[in-house]
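Residue numbers (UniProt numbering): 1 to 167.
Hints in this document: simulated from the structure, not taken from any laboratory.
Among the clues, some could well be false.
Derived Cβ-Cβ restraints for the label pairs, each shown as a range [what the hints assert, rightly or not]:
| # | residue 1 | residue 2 | range |
| --- | --- | --- | --- |
| 1 | 43 | 96 | 15 to 21 Å |
| 2 | 58 | 123 | 37 to 43 Å |
| 3 | 155 | 54 | 30 to 36 Å |
| 4 | 13 | 94 | 29 to 35 Å |
| 5 | 62 | 114 | 18 to 24 Å |
| 6 | 68 | 149 | 31 to 37 Å |
| 7 | 14 | 38 | 36 to 42 Å |
| 8 | 85 | 27 | 31 to 37 Å |
| 9 | 53 | 13 | 19 to 25 Å |
| 10 | 39 | 64 | 30 to 36 Å |
Since we're looking at a predicted model, the values are computed, not measured.
Positions of the beta carbon are idealized from the N, C-alpha and C atoms, including for glycine.
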Amino acid sequence: MQTTAPRPAAAAHDGARDFDFELGHWTVHNRRLCARLAGCDDWEIFDATVSTRSILDGLGNLEEMRSGHLPGYVGMAIRVYNRAERCWAIHWVDNQRGVMDPPVHGAFRDGIGVFEGDDVFDGRPIRVRFVWTATDPATPRWEQAFSDDGGLTWETNWTMDFRRRAA
Numbered sequence: 001m002q003t004t005a006p007r008p009a010a011a012a013h014d015g016a017r018d019f020d021f022e023l024g025h026w027t028v029h030n031r032r033l034c035a036r037l038a039g040c041d042d043w044e045i046f047d048a049t050v051s052t053r054s055i056l057d058g059l060g061n062l063e064e065m066r067s068g069h070l071p072g073y074v075g076m077a078i079r080v081y082n083r084a085e086r087c088w089a090i091h092w093v094d095n096q097r098g099v100m101d102p103p104v105h106g107a108f109r110d111g112i113g114v115f116e117g118d119d120v121f122d123g124r125p126i127r128v129r130f131v132w133t134a135t136d137p138a139t140p141r142w143e144q145a146f147s148d149d150g151g152l153t154w155e156t157n158w159t160m161d162f163r164r165r166a167a
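Kindly produce the complete structure, drawing on both the sequences and the hints.
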């Protein structure tokens, strides 16, 4: 009779490397609603460049976005992973306002990352949702949506389709 040793259980997915797909340099096709939470169907379309690098020995990353659509525009996402909570916090700031937005929090599951948080838009409280689709790491997609009814309905107001730039 032959016996085999039991296999160790698979380690739980940590999540700290879930944004590694975004490291590097990208050309990004943006589609953004001209007016948010206003029933608008008009979109502005523009390209941008994004460069993302790892920080904190892999527990986060820093994304810098530049666009000629708004001359001199620079935006920055700062992402930090909380191992104890198994959750990412994403912060955004740009040089137009110079104010860091409240963070959104969330995690990836099967290549889809959902991140939500509270904010204020035009003086009223809203929910903000980011959805990252990284099922194909060569062509990730980001979407932003706002809800002014506590998350019952969402209006997608900005999409970004990433294409890796040649080295």
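Against the structure, the hints come out as follows:
no., hint, result
1, 43 to 96: 15 to 21 Å, "holds (19 Å)"
2, 58 to 123: 37 to 43 Å, "holds (39 Å)"
3, 155 to 54: 30 to 36 Å, "holds (33 Å)"
4, 13 to 94: 29 to 35 Å, "holds (32 Å)"
5, 62 to 114: 18 to 24 Å, "holds (21 Å)"
6, 68 to 149: 31 to 37 Å, "holds (36 Å)"
7, 14 to 38: 36 to 42 Å, "holds (41 Å)"
8, 85 to 27: 31 to 37 Å, "holds (33 Å)"
9, 53 to 13: 19 to 25 Å, "holds (23 Å)"
10, 39 to 64: 30 to 36 Å, "holds (33 Å)"
Against the hints set out earlier in the document, no violation occurs for any number.
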